[in-house]
Amino acid sequence: MSSQIQGLFMTMRLWDVLDILVVAFFLYRIYILIRDTRATALLKGLIFLGLFTVLAGWLQLHVVSWILDKLMTVLIVALPVVF
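To convert, take the position in the sequence shown, counting from 1, and add 1476; that gives my numbering.
Everything labelled a hint here was simulated from the structure, so no lab data went into it. These numbers were taken from a predicted model, which means no experiment stands behind them. Certain hints may be false.
[Stated by the list, open to error] Derived CB-CB ranges, DEER-like:
#: 1; residue 1: M1488; residue 2: V1557; range: 34 to 44 Å
#: 2; residue 1: L1509; residue 2: V1553; range: 17 to 27 Å
#: 3; residue 1: I1508; residue 2: V1553; range: 35 to 45 Å
#: 4; residue 1: V1557; residue 2: K1520; range: 25 to 35 Å
#: 5; residue 1: V1493; residue 2: L1537; range: 28 to 38 Å
A virtual CB, placed ideally from N, CA and C, is assigned to each residue, including glycine.
Make the full structure from the sequences, and use the hints.
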């Protein structure tokens, strides 16, 4: 495990670090914008659904994965309409 982490840092370039910092900055700014709003609860729910979808795929729960996949499709359409 430590050799994998060491290998990761050995292959990391300056642009990779800059890329991570830019993404982290934008995610932080988005968090600051939605903090203490109703969108925070929505974001927590979406993160939970995303993690549950990954877990269902990892555990090869085919029916649950199919249902969550269809739910995500509906949410992509419904969220802009609702908000």
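Status of the hints after comparison with the structure:
1. About 42 Å separates the C-beta atoms of M1488 and V1557, a value consistent with the hinted range of 34 to 44 Å.
2. The beta-carbon spacing between L1509 and V1553, approximately 23 Å, falls within the hinted interval of 17 to 27 Å.
3. The hinted range of 35 to 45 Å is not satisfied by I1508 and V1553, whose Cβ atoms lie roughly 28 Å apart.
4. For V1557 paired with K1520, a C-beta distance near 21 Å fails the hint of 25 to 35 Å.
5. In this structure the supplied range 28 to 38 Å holds for V1493 paired with L1537, their Cβ-Cβ distance being about 37 Å.
Checked against the numbered hints given earlier, the structure breaks hints 3 and 4 and satisfies all the rest.
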